[in-house]
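Q: Read off the chains here:
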Amino acid sequence: MQHFLNDRQKARFSEFRDFVSLNVQPFAEKWDREQKIPDAVVSKLAKSGYLGPSLPTEYGGQGWDVVTFGLLNEALGRGSSSLTGVLTVQSMVSMALLRWGTEDQKRKWLPPLARGEIIGAFALTEPGAGSAIQSLVTGFRQSSKNGSLILNGSKRWITCAQRAEVFLVFGKLEQDSVACLVPKGTPGLQVEPIHDLMGFRSAGLAQVTFSNVEVPPANIVGKPGFALSHIAPVGLQYGRISTACSGLGLLRGCFEESISYAAERKIAARTVGDIGMIRSLIARMGIDLEAGSFLCHNACRSEQDHVPEAFEKTLSAKHFTSRAAVRAASDAVQIRGASGCHESSPVSRYYRDAKIMEIIEGTTQVHEDILGKIFVGQASKLRR
Amino acid sequence: MTSVTTAAESGIKEAVKRFILSSVNIPDLGDDDNLFETGIVNSLFAVQLMTFVEKTFAIEVEMDDLDIENFKSLNATVAFVSRKNGHRVA
Numbered sequence: 001m002q003h004f005l006n007d008r009q010k011a012r013f014s015e016f017r018d019f020v021s022l023n024v025q026p027f028a029e030k031w032d033r034e035q036k037i038p039d040a041v042v043s044k045l046a047k048s049g050y051l052g053p054s055l056p057t058e059y060g061g062q063g064w065d066v067v068t069f070g071l072l073n074e075a076l077g078r079g080s081s082s083l084t085g086v087l088t089v090q091s092m093v094s095m096a097l098l099r100w101g102t103e104d105q106k107r108k109w110l111p112p113l114a115r116g117e118i119i120g121a122f123a124l125t126e127p128g129a130g131s132a133i134q135s136l137v138t139g140f141r142q143s144s145k146n147g148s149l150i151l152n153g154s155k156r157w158i159t160c161a162q163r164a165e166v167f168l169v170f171g172k173l174e175q176d177s178v179a180c181l182v183p184k185g186t187p188g189l190q191v192e193p194i195h196d197l198m199g200f201r202s203a204g205l206a207q208v209t210f211s212n213v214e215v216p217p218a219n220i221v222g223k224p225g226f227a228l229s230h231i232a233p234v235g236l237q238y239g240r241i242s243t244a245c246s247g248l249g250l251l252r253g254c255f256e257e258s259i260s261y262a263a264e265r266k267i268a269a270r271t272v273g274d275i276g277m278i279r280s281l282i283a284r285m286g287i288d289l290e291a292g293s294f295l296c297h298n299a300c301r302s303e304q305d306h307v308p309e310a311f312e313k314t315l316s317a318k319h320f321t322s323r324a325a326v327r328a329a330s331d332a333v334q335i336r337g338a339s340g341c342h343e344s345s346p347v348s349r350y351y352r353d354a355k356i357m358e359i360i361e362g363t364t365q366v367h368e369d370i371l372g373k374i375f376v377g378q379a380s381k382l383r384r
Numbered sequence: 385m386t387s388v389t390t391a392a393e394s395g396i397k398e399a400v401k402r403f404i405l406s407s408v409n410i411p412d413l414g415d416d417d418n419l420f421e422t423g424i425v426n427s428l429f430a431v432q433l434m435t436f437v438e439k440t441f442a443i444e445v446e447m448d449d450l451d452i453e454n455f456k457s458l459n460a461t462v463a464f465v466s467r468k469n470g471h472r473v474a
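Protein sequences appear in the order of chains S and D. For the record, in the first sequence the residue sitting at position 98 is 98 according to the numbering used here, with numbers rising by one throughout. Numbering-wise, the numbering used here comes out as the position in the second sequence, counting from 1, plus 384.
Next comes chain S alone, as it looks inside the complex (with noise of 0.2 angstroms):
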């Protein structure tokens, strides 16, 4: 793919990479055993600019394209999945804030989160609602003082949120989808961290429960009725951006992991990379790595493009690497053999978080659902 880039995206994957070959790599399985991310890499992170890529320079941000964006994800990808969680929300609900905040919600919390001082969680999901946004039960309903709402309800999955300072929160007022920001401190918010999961170890999920939260009229964003057909949408979009290129990353890390160890470890006179059946392995790994790098390339020119292609363009390579990363995780543990299958090797990390790619953002199996539709939905164009 880098012959798709021009001179500055290539100098700032160059950048990317040095970074995370410095600060992200060799801390990775630490991080992944104590189920945190040290304050410090963070704080790296968003001296670098990296938690506010895409945000506008008026607002703080580096006001990179979206295919800069996609390569950051892609190099954080390629040392933890869970760090580029941070990035991933932080991208979710700065660029939903960015398109429908007002101009006084931008200006007030656009600059801390585009300088990292700040980081946002985007509380949509709930126990009982995943991918079907639609059955959300957080409720909102209209408190006696001067346009207040009063939220009730509870998040789960809330990926950052144990760090979290601002919640993008979704729920509805009666029939009529509503979102609003909900600072960390505010009376009646509780966070109550999620440990022990099977990949993502480190990406600070929590439970969020909302117990007669008050929400000021500042702090709801958008119009009342548009929350999830509009808003959400925006931050789902960066989120799959982020996800299907961190995704390509992971893709990245189980080829070049296995490369290396195929070609440098011995069985007698030969190497494993000598070995037919492990060439075919690895040879698949590097077809669906260039696919990959083809539909996240493909995805992030058309979210540049503004094209409404965009939307089934993302779906498809969130839905191809997150797959192809399954494939190349259980591959490169293979290769790896017994190695492969302890901590202290990181193929054994990519192997269990490979498996939550197929999970955030929309589940493999919605996606299929939804790109299904879209390409029957297309089939009147073979009629013309």
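Keep in mind that a hint or two might mislead.
What the hints assert, rightly or not - The list that follows gives simulated cross-link-like pairs (lysine-lysine, DSSO-like), each with its CA atoms no further than 30 angstroms apart:
#1 D/Lys439 with S/Lys223
#2 D/Lys401 with D/Lys456
#3 S/Lys47 with D/Lys401
#4 S/Lys106 with D/Lys401
#5 D/Lys401 with S/Lys108
#6 S/Lys172 with D/Lys397
If you're looking for bench data, these hints aren't it; they were derived computationally from the structure.
The hints should help you fit chain D onto chain S, whose structure is shown.
A: Just chain D now, kept in the frame of chain S:
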């Protein structure tokens, strides 16, 4: 609204209709068919339609424009785009 009359509005209508018919598997679309209530499109299509009109007609859908009345039908969408572009709607 029952009719649009200017050449510009006819062009808008043709483009929007072509986009919708290329995205959903229906044989034709009436000017006032309610896109969402009749299930011609689903809620996921709302953002795609919005993106299409923004990209094609160089307008920006703002928060105050978020009103189902603006996108409920072909005629409603044409009227909305025309208003944003400053065209007259009959």
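Q: The structure should be examined with respect to each hint, and the outcome stated for every one.
A: Hint check:
no.	hint	result
1	D/Lys439 with S/Lys223	holds (22 angstroms)
2	D/Lys401 with D/Lys456	holds (13 angstroms)
3	S/Lys47 with D/Lys401	violated (48 angstroms)
4	S/Lys106 with D/Lys401	violated (35 angstroms)
5	D/Lys401 with S/Lys108	violated (40 angstroms)
6	S/Lys172 with D/Lys397	violated (34 angstroms)
In the structure shown, a violation is registered for the earlier hints numbered 3, 4, 5 and 6, in ascending order.
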